[in-house]
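Protein chains in written order, with our numbering: chain A, 1 to 427; chain B, 1 to 426.
Worth flagging that the hints you see were computed from the coordinates, not collected in a lab.
Among these hints, one or two may not hold up.
As the list claims (entries may be wrong) - Partial list, computed: chain B residues near chain A (C-beta under 10 Å): (1) Pro47; (2) His48; (3) Ser61; (4) Asn106; (5) Pro172; (6) Leu175; (7) Leu273; (8) Asp299; (9) Asp303; (10) His332.
For every residue, glycine included, the Cβ atom is placed at its ideal position computed from N, Cα and C.
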Amino acid sequence: MATPPTAAQRIPNQENLLLDYVHRLESHKQDRHAVHIHLSALKPQNRRDHHIRMAANTFDPLIKMLDGQLFQLHNSDLFFIYKHTAQNDVETSILKLRFLFSDDPLMAGADEGDNTKFRTYFDVERDYETILALVRQFVHDEGQEDEAEEDEKNSKAALQAKQSTGEPLTPRVLGRVEQALQRADLSNMVRRQFICGLIGQAAPQPLFSELFISIADLRETLMPGVNVTESPWLFQHLTESLDRRMLAMLSKSNDNSITGEISINLNVSTLLSPEFMQFDDAVPASMRGSVVVELQKLDIFSDLNAFLFASEFAKDRGYRICIDGLTYETVAFVNREKLGADMVKLIWDQELVDTIGKAKASEIVSDMGNSRIILCRCDTDGAIEFGQSIGISMFQGRHIENLIAEDARRREMEMAKRRSQNLDFID
Amino acid sequence: MADTSSTVTSVSDRRSPESSLLDHVGRVAHSRSGRFAVQIHLSQLRPHNRKPHHIRIAARSFDSVLNSAESNLYVLSSNDLVLICKDVRIEDIDLVIDKLCSLFRNDPLTAGGRRRSREEFTSWFDFEIEYDTFLQNVREMADGQSGGLGQTEDASAGRGLGMGFVGEALDPFSLAKVNDSLNRTRVDDMIQQQPAVIIGADGTERILFQENYLSIAELQRRIAPGYNLISNQWLFQHLTQTVDRRILATLIRDDYETLAEPISINLNIATVLSNDFKRFDEVVAEFTEKVVIELQQIDVFSDLDNFYYTRNWLKDRGYRVLLDGLNPVSLHYFDPGLLEADFYKVGWGLEFTETESAQEHDDIGEAINKIGAERFIVARAETEESVRWALTFGIRRFQGYFIDELVQRQIEKEGHLAGPTNKQVH
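Next comes chain A alone, as it looks inside the complex (with noise of 0.2 Å):
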């Protein structure tokens, strides 16, 4: 068994105090009970810190009483050992906590039987042994996950777990990062992305390509370790300088690689201010209808009236109105037709499937304009699978952006085979 590593043992952890527990336990099994509480099955914006904080309060009252004892276990779990009598009152709380998480795809179905996918019932007289090997097995997890922490497999959730133990992003912070935005170059963190129309089994087909700049490279260079996404409001702010800079990026330009049919992110206020009025200067008219301006959702439930006049503008210039970052839940509060946008991004989601449904998916497409709704964030051949399945033909995603560095490849070979044949046919 790996050794947990010192700081772990400096303070004994939930699993060893758990561990502990369950030893003291066996000269008194007799009436005692125990329940698991697999959080961890939930959906991972569901088990962040105040949901599991929270969730754990639920059981305060029975452990003011006495009756239990609770232990939160490092991966989200909850492990409550309780007296017998209390078992109503436990009850109540598993049945309150599936109310609070009645929106997780695990809550799905009846509560049905013993042990569901949400939580296990144990009688410790009875199943000691079997509780003695789980917990084991928790403190053994433990070890292991404190060591395999470093390189963890979803690099998505490693960058999380790092910017939610960073500096809180401040007002401070912020106006610091601002003024160095204004400095810094940031030519090098602008990113391309290819929005592509993708049929059946053919080569992908790039329509336009997303300029963005890189929040992770931002981070890296101009505030590491300042945790982003704790303060959604300071971020939104940040946004609104990134526009700018952007902009005046794209005005003086002389760069041949941004050309042809481009896509830009852009606050509503950003549209409405002097410097997208300059930026609309410098683009020759002729270019403005291969301009894509996305328009976040957010700003959409902001400022109504503020949105509508923006994009309407916009499209009287002659650019093309996408609204951008529209999830499988908030899909369905979004009326394109009505809002005058001549498209929107979802955001691929496995819930598309396992919440939402083909049937239902296919219908909120059709609803949208098949020729309309774009999916990104595509990483996974699933995603498109999917997607075609309910109707969609245009992708974005770092799958796609594989598929056409692969058709590229395929095309270089050809033409090399073509080359080396021609030069056959010369000898």
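Take the given structure of chain A and dock chain B to it, following the hints.
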């Protein structure tokens, strides 16, 4: 492309645009042929439709006309635009004015019958015939301006916001300072109450709840004089998190068992999930039905998962959840009922309803019916008109200045106002 930036004269120039315009008109006194002026009365738009960005964009729409050599556009201090040109086709200008009409189609000035509104929206002056009239007009404008610079700023401050919200825009550093002083300032006496009431069939009002809020105008006056706290939406949103904490710290001292009327508080979702709220929740204990939590629409949509979780938790504890930040137009665009709140607050405003078509009115009615009129509260009810509008949908719950007066009158008459007669306030 013509140098449009120099032909568009803005108020920031050292000379007033009126005097530049007067010069221009004087200069062409002897070459009137083919010349004419068009005045576009943007000053007649509703205040919320003539903020700086509206005027900037309206002026910009004339770019195509300004490409020709002898055209100049003046943006007057009143927000009116004056275009002076020579031998430009009327059709080309009409095209631009059509665009403007469409841009401002939610304003009564440009809504309605095309012909009529066009006449009110613009005035045309042929220099060959009406030069003297126009010159006289411009002289008056220039005279009026020299004595009253700055007057226009007052007039364009929205009615709802009033004069309290002028001043330097907030930036992250000034926000940090404001935040710090807010954390140190006693806010008890800045907390105000405004009732939301139910108007019964017999016309009498009953209190639904008292909203407890921190007056932002007062806050600005006291801790940030010279700054405009609401100048940037995101920085203001961030500030509200501190406001939340300060309000909770005050409300935590109340006794909820003996509280006569239910209260409501506006909170960020992040605040509800914080330890500050946990402490408040412990004080409220089992009297949660006396507390309505108002959540802002923008906050809700910034993280729906968090909202669903928070809403469930609040409802489970017995609080009632109110979705704030809707307006009559938004009801036309999406269905807030999907959010399953207990109450929905719609901020009334003449700007939303005066150009409402019969079809739009019906659509809104349908949206309200689907959710249930008894869940709606019409806020910012400032006039009788707002109440009439709401009643057409069967909405009987209100909040606003107009209601405050009604309540005051009833209290003067009867000495008190009935609270909710039972728990079933909705």
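_Take the shortest C-beta to C-beta distance between Pro47 of chain B and chain A; is it under 10 Å?_
Cβ of Pro47 of chain B sits 13 Å from chain A, so the hint is violated.
*When the nearest CB of chain A is found for His48 of chain B, is that gap smaller than 10 Å?*
holds (8 Å)
*Do the numbers back the hint for Asp303 of chain B, that is, is its least Cβ distance to chain A under 10 Å?*
Constraint on Asp303 of chain B satisfied, holds at 7 Å.
*Would you settle whether the hint for Pro172 of chain B is holds or violated, based on the nearest Cβ-Cβ distance to chain A being less than 10 Å?*
holds (3 Å)
*Double-check Leu273 of chain B for me: the hint is only fine if its C-beta lies closer than 10 Å to a C-beta in chain A.*
Holds, about 4 Å.
*With chain A as the partner, please determine if His332 of chain B meets the hint condition of a C-beta pair closer than 10 Å.*
holds (8 Å)
_Interface hint outcome for Asn106 of chain B [beta carbon to chain A under 10 Å]_ = Hint on Asn106 of chain B: holds, closest Cβ of chain A at ~7 Å, below 10 Å.
_Agreement of hint Leu175 of chain B with chain A interface, Cβ distance less than 10 Å_ = holds (4 Å)
*Can the hint on Ser61 of chain B be confirmed by a CB-to-CB distance to chain A that is less than 10 Å?*
Check passed: Cβ of Ser61 of chain B comes within 8 Å of chain A, closer than 10 Å.
*asked:* Restraint: Asp299 of chain B near chain A, CB-CB cut 10 Å. Satisfied or not?
replied: holds (9 Å)
When each numbered hint is compared with the structure, a violation occurs for hint 1 only.
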